[in-house]
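Colleague: Bring the two chains, given one by one in their own frames, into a single complex with the hints.
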Amino acid sequence: MTDLLIAFAIGVAFGFALERAGLGSARKLTGQFFLRDFTVLKVMFSAILTAMLGTFWLGRLGLIDVAFLYIPDTHLLPQLAGGAIFGLGFALAGLCPGTSWVSAATGRGDGAAVVAGLFAGVTATGLFFSRLQPFYESGGGRAWTLPQLLHLPYGVVVLLVVAMALAAFAAVNVIAKDIEVDVHLRRLVPPERRRRAGGWLAIAALALGAAAAAARTPVKPTKAAHAVKAAPRPASGC
Amino acid sequence: MKYSDPYLAGVGLGLVLLAAFVLTGHGLGASGAFATTAAGSVAAVAPGYAASNAYFGRYVNSPDGPWRDWLLFEILGVFVGGFLSAALAGRLRGLVERGSGVSVRSRLAIAFGGGAVMGLGAVLARGCTSGQALTGGALLSVGSWGFMLTAFAAAYAAAPAIKGSWR
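In the order they appear, the protein sequences are chains A and B.
Letter 184 of the first sequence, counting from 1, is numbered 307 in this note's numbering, and no numbers are missing.
Letter 27 of the second sequence, counting from 1, is numbered 26 in this note's numbering, and no numbers are missing.
Incorrect hints may appear among the rest.
[What the hints assert, rightly or not] Cross-link-like lysine to any residue pairs, in silico, SDA-like; alpha carbons within 20 Å at most: (1) Lys1(B) x Lys343(A); (2) Lys162(B) x Ile298(A); (3) Lys162(B) x Trp180(A); (4) Lys162(B) x Gly100(B); (5) Lys343(A) x Trp180(A); (6) Lys162(B) x Val295(A); (7) Lys162(B) x Arg316(A); (8) Lys1(B) x Ala136(A); (9) Lys1(B) x Trp180(A); (10) Lys1(B) x Leu164(A); (11) Lys162(B) x Arg309(A); (12) Lys1(B) x Gly89(B); (13) Lys1(B) x Arg316(A); (14) Lys1(B) x Gly100(B); (15) Lys1(B) x Ala299(A); (16) Lys1(B) x Ala88(B); (17) Lys162(B) x Phe161(A).
I should point out that these hints are in silico values taken from the structure, not numbers from a laboratory.
Computed from a predicted model, the values in this text were never measured in an experiment.
Bound-form chain B, shown alone (with noise of 0.2 Å):
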């Protein structure tokens, strides 16, 4: 089955972060859930680091502890909408997506270090393509526009490098 049109499909994708805006008064993330559930499982191996960790503590030390958290929630959502989208479509199927001339071990490194280095940008940037792409962008926040721009400028300027694995 054929995907949307992109334009609708954005459409739809904004009167979701605008329910969230209007439900919740802020908008959507998915790094966020990252942090929090790294947070919970450092914790659950050393408790006390864990609350002392500047960045973790934020986490661990809310009043509701690293587990019962918005984003972590929304992201379960966002796994079982994507779920439900695909199988309604007739699109589920195990596959890793690579190039031609990429072996099916070093598309997965590839992934792995990529998912990686983005968590890293995504720590020091407060929020990802979604906190600040989208939820940002569409308040007109200086930072995440700033984000947005340096993300797709590098991510522009690393692409003749990576185009040859795709093919």
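Bound conformation, chain A alone (with noise of 0.2 Å):
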């Protein structure tokens, strides 16, 4: 029961935390793909670094245990079909699975619409599943990291997610001066506060990251680790 009552709460923290960025408008969503409004981007790598920064330096400190983390299993080729696929109902409903119950809270009925459509959706696939099934087993099956990828220290790899989040911020506050403005987007959905947080951030996620980089696994060195390490080896392998 503790299990579910945790599980509410943090889908409740998160379904708040999505209406504050204002995700629950399909029109501020969209205007991501439109190159009007950035909104989807600057929500979503901050998210990524503040939990990938959080649960390195955690692991780091001792205070989590990252191998206890469940990495979803990964299965390129039907996660990169499925990604096509699903970016393109994305584009067409303006809302993903998470935010459409948030446009739905707010009082949208396009948000209603989109998750009936999810519902159905994934209901027409799991009656056709025998037919997506080798498909769907297909590729890898476990979890594959990009740190073994490019054969990098975990911590490197977190320093290049930083670096590459941070020129993307830059690059769409570059190309947001002088987007046309969506009047719609302007009377129908409030702007979004100024409160110039971004330029300390960028600085705390990059000394983060460098240091990430420097300590390159998020793992606490601990004196049982070296002394295994120092323990001799049996002469005979088993």
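Modeller: Written out as structure tokens, the structure is:
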């Protein structure tokens, strides 16, 4: 029962954060695809950086064991194909599965229609699943991470992701200077509050990312680990 | 009332994701809630079929059944959290967001169709923007970054055709 209460509480915070950012509005979300409004990119990558740096440093300080985090299995081909289909639906709907619930909760009929469409689409796919299953199961099927793919230390990849995200933020802020203003967006959707927190957050992310690259691994170095390394190898391998 | 600064809202969202990692060991999701609801609904109509279906069976035959699912309770929370945030900011109002040249009926049909297409994509990709892009992205999963790449590439490829309907 506790786990379901935790799930509900985490969901409340998740929905609250999405609505605060304005991501309950399909018009605001689609602005990302028409290069008018980059809220989706800014929110998504700020969230990814926060959670990525958070797990790295909580692991490094020994407060969590990163080995216990569930990394989704990679089935590359079905995920690339599924992503392309998903993206097409995302552009049409103007909302993704999580934000469709926020949109519906704030009184938007189009959000409720996306929720209903998702339910229909998942149900229909499930009914025809036996035909899709060979493709669905193809391509790997294990946890596979970017550090493994690139043969780089975990902390170095963390720094690369931080650098890439900050470069993307800088690029869209240059583009955004001369974008056409969506008059409907201005009328329907209130603009964002300017807090100018971005600069300080960027410096913090870069500092934590650089320190992660220097630390290399999100696992706390322990005396036990050194002891294991120092232990003499048995003469006969087992 | 104005929306929050997107970077601050993103950091807030990232802290929620981090809390999910620390408290539960896994991250956030949304499409999984649709999967378990679909499985439970099919099982209510045809229990034998649902249990033998390779996709629905996973949810129906789980020890707790399809309705006592972590993601289902999380998504109910998303609804409540979105409602609370909008209510506190005075942003609750009934409307159908659409371009000026699009009727309410066609916007609802496009929204439903887009949702259905996303449903197929999310099943194949084993998750959506929450479970793959955010959660798998933060854990540096190759499949999640691949999903993110093709999802946004497809959305940008479709954008010129859709742009007119949002004027």
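Colleague: Are the hints correct? Go through all of them and say.
Modeller: Verification of the supplied hints:
Proximity of Lys1(B) to Lys343(A) is assessed by CA-CA distance (about 42 Å); at most 20 Å being required, the pair is judged violated. A hinted pair counts as satisfied when its Cα atoms are at most 20 Å apart, and Lys162(B) with Ile298(A) qualifies at roughly 18 Å. Between Lys162(B) and Trp180(A), the direct Cα distance comes to roughly 42 Å. Violation of the 20 Å bound is thereby established for this hinted pair. Only pairs whose Cα atoms come within 20 Å are accepted, and Lys162(B) paired with Gly100(B) is accepted, the gap being roughly 12 Å.
Restraint check for Lys343(A) and Trp180(A): the C-alpha separation of about 9 Å stays at or below 20 Å, so the hint holds. Restraint check: the Cα-Cα separation between Lys162(B) and Val295(A) comes to about 19 Å, which is no more than 20 Å; the hinted pair holds. At most 20 Å may separate the alpha-carbon atoms for a hinted pair to count; Lys162(B) and Arg316(A) exceed this at roughly 26 Å. Restraint check for Lys1(B) and Ala136(A): the C-alpha separation of about 19 Å stays at or below 20 Å, so the hint holds.
Taken as a hint, the Lys1(B) and Trp180(A) pair is broken in the structure, with Cα atoms around 33 Å apart against an allowance of 20 Å. At most 20 Å may separate the alpha-carbon atoms for a hinted pair to count; Lys1(B) and Leu164(A) meet this at roughly 19 Å. At most 20 Å may separate the alpha-carbon atoms for a hinted pair to count; Lys162(B) and Arg309(A) meet this at roughly 17 Å. Only pairs whose Cα atoms come within 20 Å are accepted, and Lys1(B) paired with Gly89(B) is accepted, the gap being roughly 10 Å.
Pair hint Lys1(B) plus Arg316(A) holds up; C-alpha atoms about 6 Å apart against a cutoff of 20 Å. In summary, the hint linking Lys1(B) to Gly100(B) is not supported, as the alpha carbons are separated by about 27 Å, beyond the 20 Å threshold. Of the supplied pair hints, the one linking Lys1(B) and Ala299(A) holds, its CA atoms being roughly 19 Å apart against a limit of 20 Å. In summary, the hint linking Lys1(B) to Ala88(B) is supported, as the alpha carbons are separated by about 8 Å, within the 20 Å threshold.
Proximity of Lys162(B) to Phe161(A) is assessed by CA-CA distance (about 16 Å); at most 20 Å being required, the pair is judged to hold.
Figure legend: structure checked against the earlier numbered hints; hints not met, in rising order: 1, 3, 7, 9, 14.
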